[in-house]
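Can you make the complete structure from the sequences, with help from the hints?
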Amino acid sequence: MSGASGAGQTLAEKVLARAGGLDRVVPGQIVEGQVDLAMMHEQGAQTVGPFHQMGAEKVWDPERVVIAIDHWVPASTEGAAVLHRILRKFAAEMQLPHFYDVGNHGICHQILAENGWVVPGDLAVGTDSHTNMLGAMGALAAGIGPTEMAAVLALGQLWLKVPPTIQVRVRGRLGPGVTAKDLVLRILGEIKTTGATYKAIEYAGPTIEGLSMPERFTICNMTTEMGAKAGMVAPDQTTFDYLAPIAKHAMHPLRPDADAAYERILEIDVDGMPPMVACPYSPDNVRPLPEVAREHVKVDQVFLGSCTNARIEDLREGARLMKGHRVAPGVRFIVSPASTKIYEQCLKEGIIETFTEAGAVFTNSSCSACFGGNMGILAPEEACASSSNRNFPGRMGAKLARIYLLSPAATVAAAIRGELADPREMM
Amino acid sequence: MTVRDVIEGRVWVLGDDVDTDGIIGGKYLTIIDPEELKKHVFEIALPEFAAGARPGDIVVAGENFGCGSSREHAPQALRAIGVGAIVADSFARIFYRNSINLGIPTIEAKGVRAIFEKGDPARIEMRAGRVANARSGASVAFPPLPHHLLELLEVGGLVEKVRRELDRRRSAGRAVP
Ligand code: SF4
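Protein sequence lines correspond, in order, to chains A and B. Residue 343 in the numbering used here is what sits at position 343 of the first sequence, and the numbering runs on without skipping anything. Residue 1094 in the numbering used here is what sits at position 94 of the second sequence, and the numbering runs on without skipping anything.
Simulated from the structure, these hints should not be mistaken for laboratory data. A portion of the hints provided could be inaccurate.
Claimed, not checked - Now the in silico label distances, taken between C-beta atoms and shown as ranges:
#1 B/1146 / A/52: 27 to 35 angstroms
#2 A/206 / B/1155: 45 to 53 angstroms
#3 B/1156 / A/94: 22 to 30 angstroms
Claimed, not checked - Some chain B residues judged to face chain A by a derived CB distance under 10 angstroms, without partners named:
#4 1030
#5 1043
#6 1071
#7 1090
#8 1150
#9 1154
By construction, the Cβ of each residue, glycine as well, lies at the ideal position given by its N, Cα and C atoms.
Dropping the structure here:
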């Protein structure tokens, strides 16, 4: 690990300079940034009150606002139904055309990604902490609260302190059965949950450059668990190819300067790295999966879903492993695609059939079991193998339930064995 | 709530890494009414708090307070309780922003957790940047909040600040979205 102290600008600095209409910015500086995209999910229902209290009458730019409900879809409680109704009414009154309602829904971050709502150079904000995922587009994408969102809807701006940047340089080849999720868990194990608080992380190096967009989404998604303001990947041909058919507005591809000043550079070599697992009760409690598997950790539930890992590539990989096996007796296996589009794709490819025949529950697209407020809730002392991103006490229900965070392949391996297992043994 | 220069109150103490699930559990996220929310605050992290806390009490915590989700329910519930301030060794960034935006004095003071026990009287000097335990005499310094954040607290939070900004634009004849 080393620091670099060049005179150039990091990717986060360039995007914030652009958002603030400035030539350059330095860490610590406060910038009034023009927002390119604002996203709300159910928490946006709490934006409506403050928006009216502010005396705002119109949204600054209805073409730059996306509403995507996802936590309780279709509404599973009366409270959720009310949140949805508040948002529908607000969208109608403010003439916000981009509302992803039931039937056209998905996890908000996936909706932004698969519809090209965030493009290189953007400053994007959303009422969800994992908005960081969209940093994979070469944008600065951050979570904010609903009151702050009200200010953004009213003014189209928000203040941001320019964060120092940590560069994570990754080299080496991910072996068979070792995925982007294992890589980000490994990084989390080093940076820890507080290691990047108020900071930006720039993922770079040959391994990152070789990753597909879905893999980059997984990595940037879990930047949130490091406490960071943003996790970003500089845009390249992979980004442009992904966005070309879907980009909703003009791209401003910015790249970090070769002599950018990083607060810290973390070098990671993935050659020979095994699959990883984050054990209870923190996403940074990371250990090599083969070592934990030797302790025969039994699971009661398995969840393949969430904004981290429920894209078509993840579900395809899971189905490939699942085929010809059955879910272990006594295990509940929940599979939830990240969007309706992905659901349809699963239907076409026979993926739903594969999981259902094996004894899994294939649900409609939503946050599903990820957050302990909708479905797939855990009882005290139960253990769950999950492809999601958080395992704090109470995250999926009971405070004493234990959650293990894994790659999609490793969740399927756990569903088959009934205990944590190295997916490479089943390939 | 308008920020005072000196804030005094009785202290509740929490540890490190109290995450938003520990402040308000996922099952309460469909609740909008803060009066209802406050009944469940710290249910996981400090169960006796909701019934025992009084307006003006001060929350003291360790590192990384409020990590996890972006839920504003967490500081909203604390505002509904009427907490006088939240002081921690460090905060997670979204919680910090949400809490300041709601007008709660939110102070990052390294070492603060170590100088308090439950029930101690605290005295916070906002502009001088000092938080003291009035029982033991121990104190720690903190960098005073930057000007624009103090201003935000002084007007009572972001809602009021934007309301004034929109008024100002209207009376200046500038385009208001
Ligand atoms: S899937 Fe989980 S982490 Fe992602 S937005 Fe939904 S609740 Fe949050």
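Each hint tested on the structure:
1. B/1146 / A/52: 27 to 35 angstroms: holds, 29 angstroms
2. A/206 / B/1155: 45 to 53 angstroms: holds, 50 angstroms
3. B/1156 / A/94: 22 to 30 angstroms: Because 25 angstroms falls inside the window, the suggested range holds.
4. 1030: holds, 3 angstroms
5. 1043: holds, 9 angstroms
6. 1071: Constraint on residue 1071 of chain B satisfied, holds at 7 angstroms.
7. 1090: Holds, because the Cβ-Cβ distance from residue 1090 of chain B to chain A comes to roughly 7 angstroms (cut-off 10 angstroms).
8. 1150: violated, 13 angstroms
9. 1154: violated, 16 angstroms
Comparing the model with each earlier hint shows violations of hints 8 and 9; every other hint is respected.
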